[in-house]
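If you're matching them up, the sequences are chains A and B in order. Residues 1 to 513, numbered by the working numbering, are exactly what the first sequence covers, in order. Residues 1 to 378, numbered by the working numbering, are exactly what the second sequence covers, in order.
Source of the hints: derived by calculation from the structure; they are not laboratory data. The model shown is predicted, which means the values in this text are computed figures rather than measured ones. All C-beta atoms in this analysis are idealised placements derived from N, C-alpha and C, irrespective of residue type, glycine included. Please note: incorrect hints may appear among the correct ones.
Claimed, not checked - A partial selection of chain A residues facing chain B, derived with a Cβ cut-off under 10 angstroms: (1) THR90; (2) ILE125; (3) SER126; (4) PRO156; (5) GLU183; (6) MET387; (7) GLU454; (8) ARG457; (9) GLU459; (10) VAL461; (11) ARG463.
Claimed, not checked - Chain B stretches covered by chain A per the calculated footprint, using a threshold of three residues with CB under 8 angstroms from any CB of chain A: (12) 11-25; (13) 95-107; (14) 324-337.
Unchecked claim - Below are the SDA-like pairs computed for lysine to any residue, each with C-alpha atoms no more than 20 angstroms apart in a straight line: (15) A:LYS465 / B:ARG259; (16) A:LYS267 / B:ARG326; (17) A:LYS267 / B:ALA228; (18) A:LYS465 / B:LYS254; (19) A:LYS465 / B:LEU325; (20) B:LYS104 / B:THR8; (21) B:LYS166 / A:GLY122; (22) B:LYS86 / A:ALA111; (23) B:LYS86 / A:ARG448; (24) B:LYS166 / A:GLU54; (25) B:LYS263 / A:ALA499; (26) B:LYS166 / A:THR124; (27) A:LYS465 / B:ILE255; (28) B:LYS86 / A:PRO174; (29) B:LYS86 / A:GLU291; (30) A:LYS465 / A:ARG448; (31) A:LYS465 / B:LYS104; (32) B:LYS166 / A:LYS267; (33) B:LYS254 / A:GLU291; (34) B:LYS104 / B:ASP65; (35) B:LYS166 / A:ASN286; (36) B:LYS254 / A:ARG448; (37) B:LYS254 / B:ARG330; (38) B:LYS254 / A:ILE484; (39) B:LYS254 / A:SER126; (40) B:LYS254 / A:ALA111.
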Amino acid sequence: MIRIGIDVGGTNTDAVVMSDRTVLHSVKTVTTEDVMSGVVTALRQVLSEGAVAEGDVDVVMIGTTHFTNAVVQRRDLAPTAAVRLGLPATASLVPMVDWPPDLREAIGNHAYLAHGGHEFDGRTISELDVGELRRIGQQIASHGIRTVAISSVFSPVNTEMEQRARDVLGETLPGAHFTLSSEIGRIGLLERENAAIMNACLRDLSRKTVTAFRDALRGAGLDAPFFLTQNDGTLMNAETAEEFPVLTFASGPTNSMRGAAFLSGIKDAIVIDVGGTTTDIGALVNGFPREASIAVEVGGVRTNFRMPDVFSIGLGGGSLVAGDPVRVGPQSVGYRLTQEARVFGGDSLTATDVAVAAGRADIGDARQVVSLDRGVVEAALETIREMVERAVERMRLTPEPVPVIVVGGGSILVPDRVGELNVIRPDHYPVANAVGAAIAQISGEVDRVFSLAEMPRDEAVARAKAEAIERAIQAGADQDSTQIVDVDDVPLAYLPGNATRIRVKAVGDLSVA
Amino acid sequence: MSPERVSTGRARRLGEADVDAIAVGAAILGTGGGGNPYIGSLRAKEQLRAGGVIDVVGLEDLAPDAMVVSVGGIGAPVVGIEKIEKGDECLEALRGLEDYLGRKVDAVVAAEIGGSNSIEPMITAAQAGIPVVDADGMGRAFPEVQMCTYFIYGHEPAPAAMADEKGNRVLFTRVKDMYWLERLARTTAVDMGAAAGFALAPMRGDFLQRYAVPRTLTQCLELGHTVAQARRERRNVVEAVRTSQGGVRLFDGKIADVRRELKGGFAVGRVRLDGIDADAGAQAEIDIQNENLVFRRGGVVEASVPDLIIVLDADTGLSITTEVLRFGLRVSVLALPCHPLLRTPEALEVIGPAAFGYPDVTYRPLAAEGSPHATVPR
């Protein structure tokens with residue numbers, strides 16, 4: 001089986017072509033402003049240099065940090081309204097209360113509380129107030145907002161209120177996007193609502209981006225099916241990705257860690273993935289990304305996704321170096337690195353320029369940085385070293401020495417030792433992300449209400465598990481590699497017959513036989 | 001507030017960082033229940049940002065005739081992370097009690113230091129402009145109202161008051177005994193949506209000085225600092241918690257199954273664990289009723305109420321409450337000895353294993369070596 005893995009980061013677009021478990025060829029190109037032309041370039045280049053014909057490609061997997069970067073950098077975010085149904089309950093904490101103030105401001109801080117919501121047993125907290133919702137809808141319209149997140153108390157148990165609110169608001173906001181919290185998250189109002197709001201503010205960007213991917217594949221002459229990788233390292237189709245960009249949030253770190261494990265053959269390590277804008281630090285435990293136990297923050301916002309435990313810092317090859325005392329990042333020139341960095345003849349002083357000036361890397365034109373103030377270079381390198389060390393210390397959980405695997409395009413920023421830990425750079429390390437995307441797993445899911453009056457819970461769970469595995473295999477997973485990664489059951493106390501909603505997810509490696 | 005009945009000269013005024021540390025400590029002492037303190041800590045910080053003041057006084061600062069009321073939330077923890085409070089449920093309940101008594105109370109105190117009920121009295125104190133006492137009635141969390149030292153050691157169960165977010169206030173003016181208070185309050189709480197504010201046991205200062213578990217807000221604060229420091233120094237957080245509290249490490253494992261249902265207003269369930277590391281190949285189970293009640297390894301009981309059974313994330317050492325337990329998490333299970341006030345014959349009748357429906361389980365007190373409670377006189 002021939003598969004292509006692409007990683008579209010804020011700075012670089014990487015592509016690999018693999019035949020079963022062998023990397024045939026990899027390329028690293030610059031992400032373009034329109035995204036699409038960079039993807040086309042990467043695809044054409046990897047196919048021609050790897051001597052693979054377009055028609056031989058079976059499948060294309062795309063991983064992207066585009067949406068995460070947008071939130072982290074607070075850019076390309078649409079003004080968004082958050083409407084929560086639950087009054088008079090929940091008034092003590094308004095939507096986005098625990099967000100970083102600048103992100104809240106970046107999407108306009110439009111939070112609305114309305115009546116509605118359910119009790120745990122399916123009773124309503126209060127009836128939906130259509131007049132109230134219409135007034136909210138008019139206010140949202142008057143601000144020119146086109147995307148709305150709706151959350152409702154206990155919506156994972158009963159989705160009806162959120163759907164009705166969408167219908168009412170849709171009348172005053174024709175053509176607006178709606179993200180319902182019940183479509184995204186589990187029990188835990190604040191975290192589920194946070195995810196819904198972030199999803200909503202990315203809907204404009206996701207439509208543009210997914211369309212660009214589709215066009216890019218066509219532009220490169222590929223008609224193979226394409227998928228995007230999501231948080232847990234599994235694949236989703238393009239339509240789902242457009243509707244739920246938030247589900248890609250942790251796909252970057254997941255891909256880079258799975259790629260790092262695959263390329264290095266090391267199963268327990270700290271992984272540092274240095275991109276153009278951010279650096280992600282995670283831990284491999286027995287070959288898999290260590291999962292965060294409780295709430296995971298993205299851009300400072302708490303969510304309850306099942307995600308790898310990753311600590312991100314605003315450091316990358318494109319990070320701006322400025323100020324006195326010298327600061328590095330979090331602003332980054334991103335994909336404009338090859339125009340704006342000094343070594344490429346630009347005016348912006350970036351972390352890459354500093355690395356070149358210090359002789360750590362040979363990129364662009366080193367003559368452009370010979371005249372740099374040595375004090376600034378050394379201060380910047382020291383700042384970078386401190387940032388990396390502090391982040392690694394944070395992710396490291398035992399005093400025993402563990403190897404540090406460094407991957408990603410900006411990995412020249414990382415010295416050969418981090419504290420007392422040895423640094424390993426495996427083959428193809430700059431494109432570990434794309435390798436991780438190429439080896440993304442296939443999932444099978446079951447989400448269904450079982451009546452425990454008809455069968456005991458153990459049997460219901462066992463059936464759901466078997467069915468999820470079967471679905472994963474049908475979707476192309478290798479039977480021997482399948483495993484259950486998620487079991488979640490929510491008792492629906494308001495339904496007769498002791499009903500329980502059981503959600504099971506099985507994953508497996510793509511069958512290459 | 002009557003200054004002569006509560007001396008606030010030595011009060012500790014809490015800031016946002018203190019609230020965060022208390023939330024971490026309270027989650028650990030919550031033994032899986034008591035409500036997730038994250039929501040509570042956000043609410044407390046919103047109070048502080050709005051100009052509210054949280055002053056903590058010691059038991060020794062109470063005059064014998066000071067009147068202190070216990071406040072907290074009553075309901076199922078899973079409801080607490082979904083149906084967030086309107087915000088003044090406990091204050092409303094407190095006002096209900098004051099109206100009935102015809103006087104203002106001098107301070108509030110927690111009935112339960114574990115989980116969000118450590119923070120609820122701090123919020124009420126800020127709203128009412130009175131101090132909160134550094135003590136509680138459990139030294140941990142328990143699922144039922146009668147399971148606090150105030151009632152175990154003889155305080156009258158009435159009057160008590162409850163309030164919800166919808167504007168309902170319920171006053172219990174005469175209640176036969178503490179079990180009836182639990183039954184009536186529980187039914188009311190379920191009707192109110194399995195989450196309500198509760199104000200109970202208007203107590204005299206001298207009663208609290210004898211029967212409250214002392215210094216537990218401080219204990220939460222210190223636990224929070226222990227966790228933060230261990231994380232900062234990259235030491236094993238689980239071990240830091242264990243040694244600072246004189247506990248026992250019971251099991252390291254991965255969660256193989258979580259079974260949970262809402263029964264009579266409680267989250268009732270059982271967690272199965274498959275051992276990892278030193279416990280590889282072994283299996284264990286924890287029974288839950290809001291809190292972790294009984295721990296069994298290979299079917300044999302190794303710890304039970306009233307001692308504290310605590311589930312921590314194996315890697316970060318942060319407490320995992322029962323409502324967020326899920327398949328696949330790597331956890332460490334610790335047991336900590338409870339306060340001596342909870343180990344007397346009269347206490348064990350109310351909070352021993354038999355009281356939770358385990359007549360066959362004999363309570364064997366954990367060795368209290370190194371425990372902060374070991375030297376506390378009765």
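Pairwise hint evaluation, LYS254 (chain B) against LYS465 (chain A), where the allowed Cα distance is 20 angstroms at most: Holds. LYS465 (chain A) to LYS254 (chain B) sits at ~18 angstroms (cutoff 20 angstroms).
Sort out whether GLU54 (chain A) lies within 20 angstroms of LYS166 (chain B), counting only the CA atoms. 64 angstroms, violated
Holds or violated: LYS465 (chain A) and ILE255 (chain B), Cα atoms, limit 20 angstroms. 16 angstroms, holds
Close enough to count: is the Cβ of MET387 (chain A) nearer than 10 angstroms to one in chain B? 17 angstroms, violated
Between LYS254 (chain B) and GLU291 (chain A), is the straight-line Cα distance small enough, at 20 angstroms or below? Answer holds: LYS254 (chain B) to GLU291 (chain A) is near 12 angstroms, not above 20 angstroms.
Is the straight-line distance between the alpha-carbon of LYS166 (chain B) and that of THR124 (chain A) 20 angstroms or less? The given pair, whose Cα atoms are some 12 angstroms apart, holds under the 20 angstroms limit.
Can the hint on ARG463 (chain A) be confirmed by a CB-to-CB distance to chain B that is less than 10 angstroms? ARG463 (chain A) check fails; min Cβ-Cβ to chain B is 15 angstroms, beyond 10 angstroms.
Decide if the proposed pair is consistent with the structure: LYS166 (chain B) and GLY122 (chain A), CA atoms, cutoff 20 angstroms inclusive. 17 angstroms, holds
Given the hint that LYS465 (chain A) pairs with ARG448 (chain A), test it: the Cα-Cα distance must not exceed 20 angstroms. 12 angstroms, holds
Given coverage of the segment 95-107 of chain B by chain A, checked by CB-CB distance under 8 angstroms (3 or more): violated (count 0)
For the pair supplied as a hint, LYS254 (chain B) and ALA111 (chain A), is the alpha-carbon distance within the 20 angstroms limit? 39 angstroms, violated
Less than 10 angstroms between beta-carbons is the criterion; does THR90 (chain A) satisfy it with respect to chain B? 4 angstroms, holds
Hint check: violations occur at hints 5, 6, 7, 9, 11, 12, 13, 16, 17, 23, 24, 28, 29, 31, 32, 35, 36, 39, 40; the rest are consistent with the structure.
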